[in-house]
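Engineer: Here is what each chain is made of, one letter per residue.
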Amino acid sequence: MRSSSVGWLFLAPTLLILFVFGVLPFLYVLVIGFTQWNSFAADPEMRFTGADNFRRLVFDDQFLYSLWLTLKFAFFAVVSEIVLGYFLAQAFMRDFPGKGFFRTIHTLPLVIAPIAVGATWRLLTVPGLGPLPYYLNRWFGYEFNISRYIDQAFFTTVVMDVWHWTPLVTLTLLAALSSLPKEPFEQAQIDGANRFQIFWHITLPLLKPAILATVFIRMMDALRTVDEVWMLTGGGPGAATRYIGLHIWRVVFPKTDYGYGSAMSLITLYLTIVLCWMLYAGLVARRDLKRAD
Amino acid sequence: MRHLRNKASASLGAILFWLISSIVTLLPIYWMFVVSARSRVQLFGSPSFLITSFFTENYTSTVSDPAFQRYMVNSIVIATANAVLVTTLALFATYALSRYKLPGKENLFFWTITNRMAPPAVFLLPLFLLYTQVFVVADVRLFDTKIGLILLYCVFNLPFAIWTLRGMIDAIPKELDEAAFVDGANTWQVLTKVILPLAKPGLAVTGILTWVFAWNEYLFAATLTSVHARTITTGLAEFVTVTGTNWGRMAATAMLTLVPALLVLGLAQRHIVAGLTFGAVKE
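Chains as they are written, first to last, in my numbering: chain F, 1 to 293; chain B, 1 to 283.
In isolation and in its complexed conformation, chain F is listed as follows (with noise of 0.2 Å):
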C-alpha cells in the first residue's frame, strides 16, 4: 500500500499557502481585535485592551445600522433572485426556437467582473448622462437621483444585484428541475391536480433542497457585497449603501483604526458564520429527512 506520508506531501504546498495567507490573517486579527491600536492616534502603539472594543461595537450606531443594511440588501435581493430565478428556469424547461442563444445571453451577467457591474449601472443611472434618470424623467415625470434620494441608491443596488445574480438562480434551478422524476408529476395530472396543486405539493417539496442550496450560496455572496455598490455609489448618500465591508474599509483605511476595525471584522465573520451556519443547518436536516423517508 502506498505510504501516507506521500499523500501528505502531495497536499503540503495547499495546507501550506491555506495556512500562511488564510490561518495567519485570522489568527493576527483575532490578536488585533482585543488591542487599541491606531497608527494616527496620539498613541501610536498597540495596546492590549481586552473586550474594550466589542463593548463599543454593541453600541456603535454607525456599525449596527451598516449590518442592518447588509441584512436588507440580503434579503430583498436574494428574494428577487429565487423568485424571478424560478420563473426563468420554469420558462426554460419548454422548447423553443433559439433556448441556447437566449441562455447564453442570460448567462452573461455571471462573468462580468463586479466592478465593471458597477460601471455599467453608474453610466446607466447617472444625473446627466444615464438614460434611466432621463427617461424616467420624461416619461413618467419621476424625478430619479441615486447621489441625492436615499431608497432610490439602496433599491438601485438590489436591482443591480438581481440583474447580475438572477442568472446563478435560474442555471442552477434549472439544472435541478430538469433532474426531477417525471412519475409524480404524470400521476398528479392523472389524478386531476391543478397547477397550482401541482407547484405547491410536489415542484416545491422536490426542489427544496436545490433552493436552499442556492439561497446558501447566493446570501454568503450577497453578505460580503463590496465591489459593485463601491462602483456604484461608493456607500452613499450618505451612508444609505454602506454595507459591511465598506463600513469596515472605511473604519480599517481612512481613519486607521486597526484594533476597533478587527474587532469589526470578527464579530461580522462570527455573524456570517452563524447565518450560514443556521441555513446549513437547515439544508442538511432537508436532506435527513428525504433519507428517512
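In short, the hints are calculated from the structure, not lab data.
It is possible that some hints are incorrect.
[Unchecked claim] Pairwise CB distance ranges, derived in the manner of DEER restraints: (1) F:Thr104 with B:Arg141: 58 to 68 Å; (2) F:Glu45 with B:Val137: 18 to 28 Å; (3) F:Ala281 with B:Gln69: 48 to 58 Å; (4) F:Pro181 with B:Lys174: 53 to 63 Å; (5) B:Glu178 with F:Glu186: 39 to 49 Å; (6) B:Ser53 with F:Phe140: 28 to 38 Å; (7) B:Lys174 with F:Phe196: 43 to 53 Å; (8) F:Ala239 with B:Val63: 36 to 46 Å; (9) B:Ile23 with F:Val83: 16 to 26 Å; (10) F:Pro254 with B:Pro201: 44 to 54 Å; (11) F:Tyr280 with B:Ile20: 34 to 44 Å; (12) B:Ser226 with F:Phe196: 51 to 61 Å; (13) F:Phe155 with B:Gly13: 44 to 54 Å.
[Said to hold, decoys possible] Facing chain B, from chain F, some residues (calculated, C-beta under 7 Å): (14) Val6; (15) Pro237; (16) Ile248.
[To be verified] Example chain B residues on the side facing chain F (calculated, C-beta under 8 Å, incomplete): (17) Leu124; (18) Leu151; (19) Ala251; (20) Leu265.
All C-beta atoms, glycine included, are put in the ideal place defined by N, C-alpha and C.
Given chain F, put chain B in place with the hints provided.
Structural biologist: For chain B alone, kept in the frame of chain F given last:
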C-alpha cells in the same frame, strides 16, 4: 386548426418574452458600449441608444496609455500564474485526498471551503499589515508585488478548484492506478501518465474559471498594491475617483475588461454553473 393557432401564438408569446428578457439583460452592457463609442460632446443632451458614429479615441487613448498597458499586463500575468498554480496544486491535493488513507482528510476537505466563505473585507486589514510590516525580508515586502496577489488568490481559488476536481478524480477508476503500479510505474508517473490525461477536461474548466475569478478580483488588488502590481479592475475604479467624469474612456476601459470574460463564456458556458456553485447542483 384552433389547436395549431394556439400553438403558434404560444410560441410567439414565448419568443416575445425571451426578447424582452434578453433586452433587459443586455441593455446595461449595450449602453456602456454606446457611451464608449461617443465623444464628450455627444454625451450631452438626450441619451440616444442609436450608434450613428464611432468615436475611436476612447479606445485608442486607453490602449496607448502606459498605465493601462501595465495594468493589463499585470492582470494577465497574475491571472495566468494563479490559474496554473491553483490547477497544479489542486490536482496534487485532490489526488492525495482521493487515493491515500489520510486521517481526518474529510474534515480537511471541508475546512478548505471555509477559506472561501469568509467575507474578504474581514481579511483586508490583517493582510495589509502582514504584507506591509510582517512578511518583510530585508527590504523586500509582499506589498505591491504580483507574487503577493498570486499567492493570495490561491486562498479562495484553491478550495474552489479542489471541490470541483474532487468528483472528477474520484470518478477515475482506482484499478487504472493499480494496473500502472503493477507495471512498475511510480507515483509521479501514475499521476502524470494516468490521472492527468483523464482529468484534462476538468482541469481545463477549473483553470479557466480560476483565471476569470483572479481577473475579476478587485478588493484585495486595490488594497494590497499601490503602483507596480495594480490590475485592470483597480484601473477601472481609478477612473471614477481620479479622472472623475471622463465617461467615454471609463466605458471603453470597462469594455476591454469584459473581453476575456466574454471569450470564456463562449468556451465554457455549460461548465460555468457547476463551477460557480461548487458543483452543489449537478447538471
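Engineer: The structure should be examined with respect to each hint, and the outcome stated for every one.
Structural biologist: Tested hints:
A C-beta distance of roughly 44 Å is found between threonine 104 (chain F) and arginine 141 (chain B), which places it outside the suggested range of 58 to 68 Å. Roughly 25 Å separates the CB atoms of glutamate 45 (chain F) and valine 137 (chain B), a value that falls within the hinted 18 to 28 Å. Evaluation of the 48 to 58 Å hint for alanine 281 (chain F) and glutamine 69 (chain B) yields a pass: the beta carbon distance comes to about 50 Å. Distance hint check: the CB atoms of proline 181 (chain F) and lysine 174 (chain B) are about 31 Å apart, inconsistent with the given range 53 to 63 Å.
Taken as a hint, the range 39 to 49 Å holds for the pair glutamate 178 (chain B) and glutamate 186 (chain F), whose Cβ atoms sit roughly 45 Å apart. The supplied range of 28 to 38 Å is met by serine 53 (chain B) and phenylalanine 140 (chain F), whose beta-carbon atoms lie about 31 Å from each other. Checking the proposed 43 to 53 Å range against lysine 174 (chain B) and phenylalanine 196 (chain F) shows it holds: the Cβ atoms sit about 49 Å from each other. A beta carbon spacing of about 38 Å between alanine 239 (chain F) and valine 63 (chain B) agrees with the range 36 to 46 Å that was offered as a hint.
Checking the proposed 16 to 26 Å range against isoleucine 23 (chain B) and valine 83 (chain F) shows it holds: the Cβ atoms sit about 20 Å from each other. Separation of proline 254 (chain F) from proline 201 (chain B) is about 47 Å and conforms to the stated range, judged on CB atoms against 44 to 54 Å. As the Cβ distance of tyrosine 280 (chain F) to isoleucine 20 (chain B) is approximately 37 Å, the hint placing it in 34 to 44 Å holds. Look at serine 226 (chain B) against phenylalanine 196 (chain F): about 59 Å separates their beta carbons, and that is inside 51 to 61 Å.
Against the hinted window of 44 to 54 Å, the Cβ-Cβ separation of phenylalanine 155 (chain F) and glycine 13 (chain B) comes to about 29 Å, which falls outside the hint. Taking 7 Å as the C-beta cut-off, the interface hint given for valine 6 (chain F) holds, the closest approach to chain B being about 6 Å. At its closest, the beta carbon of proline 237 (chain F) sits 16 Å from a beta carbon of chain B; the interface hint therefore is violated under the 7 Å criterion. For isoleucine 248 (chain F), the suggested interface contact is upheld, since its CB lies about 4 Å from the closest CB of chain B, less than 7 Å.
With a cut of 8 Å, the hint placing leucine 124 (chain B) at the interface with chain F holds, because the nearest CB-to-CB distance is about 6 Å. Annotation: interface hint on leucine 151 (chain B) holds; nearest CB of chain F at approximately 6 Å, less than 8 Å. A cut of 8 Å between beta carbons decides the hint on alanine 251 (chain B): the least distance to chain F is about 6 Å, and the hint holds. At a threshold of 8 Å, the smallest CB-CB gap from leucine 265 (chain B) to chain F is about 5 Å, leaving the interface hint in force.
Hints 1, 4, 13 and 15, counting from the list given before, are not met by this structure.
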